[in-house]
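Student: Using the sequences and the hints, build the whole thing.
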Amino acid sequence: MGVLSKREGRGLRNGVGSMCRSSYRGAMGAMLKRGLLALLLMGLAGCGNALYYMRALSGHAQLLNAQRPLDEVLADPALSAQTRTRLESLRAARNFASRELGLPDNDSYRRYADLGRPYAVWNVVATPPYSMKPKQWCFIFVGCINYRGYYQRKQAEAYADRLRAQGLDVQVAGARAYSTLGWSADPLLNTMLYRSEARRVGIIFHELAHQQLFIKGDTTFNESFATVVEQEGVRRWFLAEGKPARYQAYREERKRDVRFKQMLLRTRKKLERLYRQKIDKKHMQKEKTRIFSELKQTFARLKKSQSAFSVYDRWMAQDLNNAHLALVAIYYEDVPALMHLLKAKQGDLPAFYRAAAKLAHEDPQKRRILLRQWAKNKP
Numbered sequence: 296m297g298v299l300s301k302r303e304g305r306g307l308r309n310g311v312g313s314m315c316r317s318s319y320r321g322a323m324g325a326m327l328k329r330g331l332l333a334l335l336l337m338g339l340a341g342c343g344n345a346l347y348y349m350r351a352l353s354g355h356a357q358l359l360n361a362q363r364p365l366d367e368v369l370a371d372p373a374l375s376a377q378t379r380t381r382l383e384s385l386r387a388a389r390n391f392a393s394r395e396l397g398l399p400d401n402d403s404y405r406r407y408a409d410l411g412r413p414y415a416v417w418n419v420v421a422t423p424p425y426s427m428k429p430k431q432w433c434f435i436f437v438g439c440i441n442y443r444g445y446y447q448r449k450q451a452e453a454y455a456d457r458l459r460a461q462g463l464d465v466q467v468a469g470a471r472a473y474s475t476l477g478w479s480a481d482p483l484l485n486t487m488l489y490r491s492e493a494r495r496v497g498i499i500f501h502e503l504a505h506q507q508l509f510i511k512g513d514t515t516f517n518e519s520f521a522t523v524v525e526q527e528g529v530r531r532w533f534l535a536e537g538k539p540a541r542y543q544a545y546r547e548e549r550k551r552d553v554r555f556k557q558m559l560l561r562t563r564k565k566l567e568r569l570y571r572q573k574i575d576k577k578h579m580q581k582e583k584t585r586i587f588s589e590l591k592q593t594f595a596r597l598k599k600s601q602s603a604f605s606v607y608d609r610w611m612a613q614d615l616n617n618a619h620l621a622l623v624a625i626y627y628e629d630v631p632a633l634m635h636l637l638k639a640k641q642g643d644l645p646a647f648y649r650a651a652a653k654l655a656h657e658d659p660q661k662r663r664i665l666l667r668q669w670a671k672n673k674p
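Going letter by letter, the sequence shown gives residues 296 to 674 in this note's numbering.
Misleading hints may appear alongside valid ones.
To be verified - Within a straight-line C-alpha distance of at most 27 Å, the following computed DSSO-like cross-link-like pairs (lysine-lysine) qualify: (1) 550 <-> 599; (2) 511 <-> 599; (3) 573 <-> 428; (4) 556 <-> 581; (5) 564 <-> 583; (6) 661 <-> 671; (7) 573 <-> 430; (8) 577 <-> 430; (9) 638 <-> 430; (10) 565 <-> 550; (11) 640 <-> 671; (12) 428 <-> 565.
Quick caveat, the hints were computed from the structure, so don't treat them as lab data.
Note that the structure is a prediction, hence the values are computed from the model and not measured.
Tutor: Here it is, written out as structure tokens:
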């Protein structure tokens, strides 16, 4: 989960022209004074498409214009009981994050914006037809990342169609949240109001973890680090709240998610082996189709053995291609190594943050070596 989009409608109704409307001038001016923060949010390249710049600025300006102080929102008698309950839990989780987890104590997630749509942004992921290596976009503040974000779904789909016309495998995925890495105060969004308490509070911990530590150009490390902080944060949250049953349910959900991701990773490895073969494209395409068909069959058996896996039905019903599997590992690949580091620091989160931050000063190759060693319990 935009530069740091995650977790997976209607698009914003106003287009680029809305930038010139007086209702957005205040927000636009504030962003310009902060060095074009929306460029950070949407991952804009220094010499990228001017229209993309303008749309990103407009989209973020509208988001800022929609936000209200959380206390003001909660005081509104017209607020539904369900939304009130979820926002109150998020407010408590936001305070818990800084007080108990040592995450940044700033203005992020202390305001609320209802965007009137199910996702904050839509990300486009693309790969060659016979490769699992995702196309990258390189940006000013964050280095190179493996997706490109849009505030409007129709714009993401239009760009995806252009990539498909080039023969690429493409996925468009909605993301419920993103982080500006502390450059601006990120608001709570209606897209973050999960029914699940664990997911609801976890997304706060995850996004604040990106503000705590971000290594330019290393998406896998950044997402894995945030995932570790999220999981440890949720564990401590439920212990503090005296809700062991909910924590156990969260653990079971995580185990199920790991099994599902392992299934996808096995398929990805099969495809990688296929694409390394010296065979003609016609035969390779036939084998690719067979492997994806086999994935669907494997999922059907998995769901038959445990009906809880039906939560993945919608995802599996897509016309799957390389792009759907290209980023499947980024949230998890470095998690074992970083979990070991946290354990080595005896659960001391500030010490863990300091140790992890030292990796930012290592060259990428040495960082990979260290993480592999930690994953094998050899710090």
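Student: Taking the hints in turn, state whether each one holds.
Tutor: Hints, one by one, checked against the model:
no., hint, verdict
1, 550 <-> 599, "17 Å, holds"
2, 511 <-> 599, "42 Å, violated"
3, 573 <-> 428, "18 Å, holds"
4, 556 <-> 581, "24 Å, holds"
5, 564 <-> 583, "12 Å, holds"
6, 661 <-> 671, "16 Å, holds"
7, 573 <-> 430, "22 Å, holds"
8, 577 <-> 430, "23 Å, holds"
9, 638 <-> 430, "35 Å, violated"
10, 565 <-> 550, "23 Å, holds"
11, 640 <-> 671, "16 Å, holds"
12, 428 <-> 565, "14 Å, holds"
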